[in-house]
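Enquirer: The residues making up each chain are set out below.
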Amino acid sequence: MKRSFAVVTDSTADLPDEWRDRYGIEVVPLKVLFGTETFRDRVDMTDEQFFARLAASSALPKTSAPSPGEFAEVYRRLAKHHDGCISIHIGEQLSATAEAARVGASSVVGFPVNVVDSQTVSMPIAFLCRVAAESPTLADATEAVQRRVPKCRVLALLDTLRYIEMGGRVSRAQAMIGTMLDLKPLLLVADREIKSVDRVRTRSRAIPRMVEFFRTEMPVETLAVMHAQAPDEAEEIASELRRELPDLDVPIGQIGCVLGTHTGPKALGLVYLKA
Amino acid sequence: MGVDGPLFKRALLGSLIWLGTNHEEVNRLNVFPVPDGDTGTNMLLTLQSAVEDVKESNAAEVSKIAKLASHGSLMGARGNSGVILSQIFRGFARAVEGKSSLTPAELAAAFEEAANAAYRAVNKPTEGTILTVAREAGRAAAAAASGMDTNVPRVIAAAAAGARAAVLKTPSQLQILRDAGVVDAGGYGLQLILEGMLKTVEESEPAAAMLAEARKPISPASQVSLALPEGGWGYCTEFLIEGMNLDTELIRGQIEALGNSVLVVGEPELVKVHVHTDDPTSVINLAGGYGKLLKLNVGDMSTQHRRILETEGGTATSAPRPNGIGIVAVVAGRGLVEIFRGLGVDAIIEGGQTMNPSTQDMLTAIESVPYDEVVLLPNNGNVIPAAKQVIGLTKKKVHVVETHSVPQGVSAVVAFRPERPADENLRAMKAEAERVQTIEVTHAVRDTRSNGVKVKKGDVIGLINDRLEFAGADYADVIKQALGKLGPDAYELVTVYRGQQATDAEMSRLESEIRNNYPSLEVEVQQGGQQHYPFILSVE
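Protein sequences, first through last, are from chains C and R. FYI, in our numbering the residues of the first sequence are 1 to 275. FYI, in our numbering the residues of the second sequence are 276 to 815.
Just so you know, the hints here were simulated from the structure itself, not pulled from any lab data. Idealized CB from N, CA, C, for every residue including glycine. Take the hints with a grain of salt, since some may be wrong.
[Said to hold, decoys possible] Covered by chain C, per the in silico footprint, the following chain R stretches (three or more residues, Cβ under 8 Å):
#, stretch
1, 406–420
2, 654–668
3, 738–749
[Claimed, not checked] BS3-like cross-link-like pairs, simulated, lysine-lysine; straight-line CA separation at most 30 Å:
#, chain 1, residue 1, chain 2, residue 2
4, C, 151, R, 399
5, C, 195, R, 672
6, C, 274, R, 399
7, C, 195, R, 330
8, R, 474, C, 266
9, R, 705, R, 670
10, R, 670, C, 195
11, R, 330, R, 474
12, R, 399, R, 444
Chain C with its partners taken away, still in its complex shape (with noise of 0.2 Å):
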């Protein structure tokens, strides 16, 4: 049985290659800007080479969204052979993915495309994704996805502020993060807001209390371990998890190019929705 709907994602969510396949899933890469060069997300670029260019770049790449035309010319393609799409985006607080997605879809007569702004950014976008594709049709697709757009959370231990205040998202303030200590900030992007959760001075103190806070927000629907280079501490804490909860698969992922640029190196990340 073939499903009717496109599912459509960007490259933040962070989509396993294998999901990729197995649901036929559509990933629109966001662009990396090294100074004047431009790299699509994971396509020009792999996530090591990536992090190597990041450490040896002084000045720190920008993202970009992906063009409304990028957009309508992937709608455009997928219209040929669907009758409909279900396009899910990193949230709108974060990125002008979504809004893109929109404009492109509007100059696609005929195409139904229900964009969805997840709030969130990574895995979650993936979970949405791999409902969506398990739904029989697009209205049931959507309704699914919409229903758990507000259980997505991110929780994210940064090995320095660095990145993200760079990259704009949170400030020192947000974070209550002063201005001068290196503190490893432990952060939660939930309901539209990035809050901060902890801040604690090493790494081996921080990795304990990010997963002692995850454990006050269970129970979970799902979960991902998220890492920047860090595989090792991911599968750490990610076996550590699988013990606790027997039921739930829990797989490890990679932190891609853009949230690459604004998490920086060593970010650990718990990614699950809420059940």
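Position chain R relative to chain C; hints supplied.
Expert: Frame of chain C, contents of chain R only:
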């Protein structure tokens, strides 16, 4: 003269050049809606994409050029402002459909339709943004078009002036702009685009004068997200260094030794410096060694701060804490004061080792904070007794977390959570304070013997958690021994608070000693500015 294809093409090229010249200024203004610092870049890249398609065309009709620009901008649109700009082009192109040339009235109508299209494209239009600026530019253009002896340059000049007036009003429409002390970046970008058009189209004198006028007062971006210390001391010193291979890290390190609130950002060719210092001359001399200084601005901070307090109606404080608990700390040293403030301490009593504050001093500070429940951090063993006296002298509920040192105080403040109730906070603050190890180095003021260590007056002495453990001739050696005694394997991070007496050479020697001997430890250096203790180390 009407607006035909070649003229519109020329005008777009003019816009591109003018926006290209000024887009960094737009970047610096960006605080809304997605504060990236890249609104200018996004708009420029969008406009570039619009012009790329136009450049190839020799169309005589304005409609054809407008259509190409619309298509190109849509394909190249980036960021919120870029997307809106593409919708402005789309609206303009629709309005001029089928026309080969525009009269002044038709041009004004097209500007208005461009703004309308932009409003329609946005889900929830926000006033005080590029949308408002587009609409006001359109209105001003329409007014000019209905005037007596109107012409195309006058309509464009009116649109640019209308845009500028609207841009200057944006802070009154959006709180976020008002807070940051800037105008809207996207709106300003649109103003530049209209000005660029005018520069190319304009030949007559009066409109050129309007342009010169239009470029003048733009709020300095330098105030963005810089909190001023409440006391108001020193000079706020700002400038750009133009040079080659400029090393921002290196420059930051040197500037940090001369002041506080240091911000050094930029590229190898151009670096922006901001610092609060008592000695602007030294800062300028230092920076002058790296290259040419531009846009130098030295301001008296106390006046600046007063001004900001006045404009904000005296409500420059942050939002009240949900748990209703204030924090007061005893701290000495300019850098340490700033660190504690930055971590959220509400009031600071100057004092410490040799300058123990009185109970009254602490009482006054506690009364000054807008909370009925206050945590007091003495940060020195000698201050704790006086601090405990405060309890009972005030109607406020005072908790003394007995921090014996600066590192303990910092750990305690870091553990404070504004949404957590008092008992939980106190438990966490105490536990964190006790977890951290403190190493202090100073000079012996007399011959003595303590804890089995014999010291002579003037010796370098090292204390671990207030206990004399080592004596020697050299800071780095004493600290190395102290770290060895603590057992570096059990720790992860060493924070060095550098005192006033420590020289650059001593600082770098200490850093390399720690790094060479204990490579597993991360080292962070902070300018503490404390007296008597050249180095205080926090080990955790």
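Enquirer: Next step is simple, just say for each hint if it's right about the structure.
Expert: To see whether the hints hold, each was checked on the structure:
{"no.": "1", "hint": "406–420", "in the structure": "violated (count 0)"}
{"no.": "2", "hint": "654–668", "in the structure": "violated (count 0)"}
{"no.": "3", "hint": "738–749", "in the structure": "violated (count 0)"}
{"no.": "4", "hint": "C:151 <-> R:399", "in the structure": "holds, 23 Å"}
{"no.": "5", "hint": "C:195 <-> R:672", "in the structure": "holds, 29 Å"}
{"no.": "6", "hint": "C:274 <-> R:399", "in the structure": "holds, 28 Å"}
{"no.": "7", "hint": "C:195 <-> R:330", "in the structure": "violated, 47 Å"}
{"no.": "8", "hint": "R:474 <-> C:266", "in the structure": "violated, 49 Å"}
{"no.": "9", "hint": "R:705 <-> R:670", "in the structure": "holds, 24 Å"}
{"no.": "10", "hint": "R:670 <-> C:195", "in the structure": "violated, 33 Å"}
{"no.": "11", "hint": "R:330 <-> R:474", "in the structure": "holds, 18 Å"}
{"no.": "12", "hint": "R:399 <-> R:444", "in the structure": "holds, 20 Å"}
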